[in-house]
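Q: The listed protein sequences derive, respectively, from chains V and H.
For the first sequence, the working numbering assigns the number 27 to the initial residue and increments by one for each residue that follows.
For the second sequence, the working numbering assigns the number 9 to the initial residue and increments by one for each residue that follows.
In short, the hints are calculated from the structure, not lab data.
Since we're looking at a predicted model, the values are computed, not measured.
Be aware that one or more of the hints could be misleading.
Heads up, incomplete: computed chain V residues facing chain H, CB under 10 Å, no partners named [unchecked claim]:
1) Val35
2) Ala38
3) Ile41
4) Thr44
5) Gln47
6) Phe48
7) Leu57
8) Leu58
9) Gly61
10) Ala64
11) Pro65
12) Asp67
Every residue gets a Cβ at the ideal spot worked out from N, C-alpha and C, and that includes glycine.
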Amino acid sequence: MKKLINQTVFFASKINKTHLQFALMVVALALLVLGAGAPEDFSKVGR
Amino acid sequence: MPLLFAVVSGSLTGIGISKFRGYAWSPPGFRFVWLIFLGFLPQWLAVYLPPTRHLLTDAQASACLVISLVLLLFFSIANLRLPGMPILLLGLGCNLAVILANGGFMPLPVETAHNLVNQTILDGLTVGERISSASKDILLPEAQIILPWLADRFVPPPSFPYRFAFSLGDVFISAGAFWMLLKGSTVKSF
């Protein structure tokens with residue numbers, strides 16, 4: 027268990043802050059366009 | 009899906025051009041980014057999340073959609089300085105205007121639906137009602153649509169494998185997002 031926690035902390039410390047910011051901004055922009063846009067693709071019809 | 013294509017292609021093109029020019033690329037720095045998550049939440053519950061979208065009536069879903077768009081509109085105004093955001097804001101404004109003018113959902117002309125799907129599927133739809141609980145669109149005859157040029161009236165060429173209807177607002181939103189990511193923030197890498 028202690029080894030697992032150490033490994034998790036080790037990998038977490040390797041995450042680049044810039045990469046995290048990049049991912050957050052791209053996800054935010056994806057949500058913005060998904061929310062603002064309203065295309066209809068009919069694949070969802072009947073669901 | 010077509011909107012996400014603009015985000016993915018804009019990111020890849022922005023990264024590619026930056027690398028070619030020897031610059032480090034980073035996505036645009038948003039202010040009040042929490043407004044996007046807050047704004048998307050009502051729409052996520054009303055349109056995207058299967059367990060909740062079935063619980064809401066059309067009137068509640070429509071209210072969620074309008075609240076969501078208004079919050080995203082505030083976010084876009086707060087970030088108007090970013091490249092591409094004025095175009096995206098114009099698209100959002102177009103979609104919000106036509107949705108508000110037509111009872112809270114994006115109108116889809118019956119004539120456009122005829123070009124997209126076969127008669128069997130079309131027979132399962134009711135004119136004047138929402139396409140499905142997972143849709144932001146309402147099926148209406150062209151003559152009954154207010155601001156018809158802002159409705160989901162455009163379709164890709166017949167040779168295009170993915171069939172969907174989109175609005176003028178969607179085009180502006182995609183173009184704005186693409187431009188925003190293409191320009192991005194570039195920093196000279198040493």
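Q: Work down the list of hints and note, for each, if the structure agrees.
A: Against the structure, the hints:
1. Taking 10 Å as the C-beta cut-off, the interface hint given for valine 35 of chain V is violated, the closest approach to chain H being about 27 Å.
2. Annotation: interface hint on alanine 38 of chain V violated; nearest CB of chain H at approximately 22 Å, more than 10 Å.
3. A cut of 10 Å between beta carbons decides the hint on isoleucine 41 of chain V: the least distance to chain H is about 16 Å, and the hint is violated.
4. Because the closest C-beta pair between threonine 44 of chain V and chain H is about 7 Å apart, less than 10 Å, the hint holds.
5. With 10 Å as the threshold, the beta carbon of glutamine 47 of chain V comes within range of chain H, its nearest partner Cβ sitting at about 8 Å, so the hint holds.
6. A distance limit of 10 Å between C-beta atoms decides the matter here; for phenylalanine 48 of chain V the minimum to chain H is near 6 Å, and the interface restraint holds.
7. With a least beta-carbon distance of about 5 Å to chain H, the hint placing leucine 57 of chain V at the interface is held under the 10 Å criterion.
8. Because the closest C-beta pair between leucine 58 of chain V and chain H is about 5 Å apart, less than 10 Å, the hint holds.
9. A cut of 10 Å between beta carbons decides the hint on glycine 61 of chain V: the least distance to chain H is about 5 Å, and the hint holds.
10. For alanine 64 of chain V, the interface hint holds, since its Cβ comes within 10 Å of a Cβ in chain H; the closest pair sits about 4 Å apart.
11. The criterion of a C-beta within 10 Å of any C-beta in chain H is met by proline 65 of chain V, whose closest approach is roughly 4 Å, and the hint holds.
12. Interface hint at aspartate 67 of chain V: satisfied, since its Cβ lies 4 Å from the closest Cβ of chain H, which is below the 10 Å cut-off.
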